[in-house]
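Visitor: Sequence:
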Amino acid sequence: MADAAPRAVDWTAIERLPEFRELTEGRRRFAWVAGALGVGAGALYVVLAATAPDLMRTSLGGSFTLGFAGGVALILLTWAITLAYMRRSARVWAPLEARVRERARELGAPEPEREGRFAREGAPATRRAPEVQA
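The sequence shown begins at 424 in this note's numbering and counts up one residue at a time.
Accuracy of the hints is not assured; some may be wrong.
Derived Cβ-Cβ restraints for the label pairs, each shown as a range [claimed, not checked]:
#: 1; residue 1: A454; residue 2: S482; range: 15 to 25 Å
#: 2; residue 1: E534; residue 2: V470; range: 47 to 57 Å
#: 3; residue 1: F487; residue 2: W434; range: 47 to 57 Å
#: 4; residue 1: F487; residue 2: P533; range: 56 to 66 Å
#: 5; residue 1: E534; residue 2: A459; range: 17 to 27 Å
Hints are computed from structural coordinates only; laboratory data are not their basis.
Note that this is a predicted model, so its numbers are computed, not measured.
Glycine included, each C-beta is placed from N, C-alpha and C at the ideal position.
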């Protein structure tokens, strides 16, 4: 028996959804701010190491220097940005994604299918992201 012809999906209508716009704009804004902060801090560290070595070797106590402290701060900043992304993803973007999926289904979008190594028999096509506890 032949399957019924798939219903045409109005992807432009989905892109116009307020939830979709809020989701994409929020992610874009976060990526630009976090990227600028991370790259800016890394660039500042490299520039200071290259142009002000005396400043970077300033002792903060014993053999602990300003340059070493800056390197540790860069690592901590990377972890902080990652944590901020995970929290925002779970608390803000995951609920928005669910609303967008729901509204997209109303507009005729098909349920996403898992393929290849992600396919599991009997598993739902989509799962909700785990909640992050504060």
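Visitor: State for each hint whether it applies.
Guide: We went through each hint and held it up to the structure:
1. Checked against the given bound of 15 to 25 Å, the beta carbons of A454 and S482, roughly 38 Å apart, lie outside it.
2. Between E534 and V470, the C-beta spacing of about 50 Å keeps the proposed range 47 to 57 Å intact.
3. Between F487 and W434 the C-beta distance comes to about 56 Å, which sits within the given range of 47 to 57 Å.
4. About 58 Å separates the C-beta atoms of F487 and P533, a value consistent with the hinted range of 56 to 66 Å.
5. Here the CB-CB span from E534 to A459 is close to 37 Å, at odds with the stated 17 to 27 Å.
In the structure shown, a violation is registered for the earlier hints numbered 1, 5, in ascending order.
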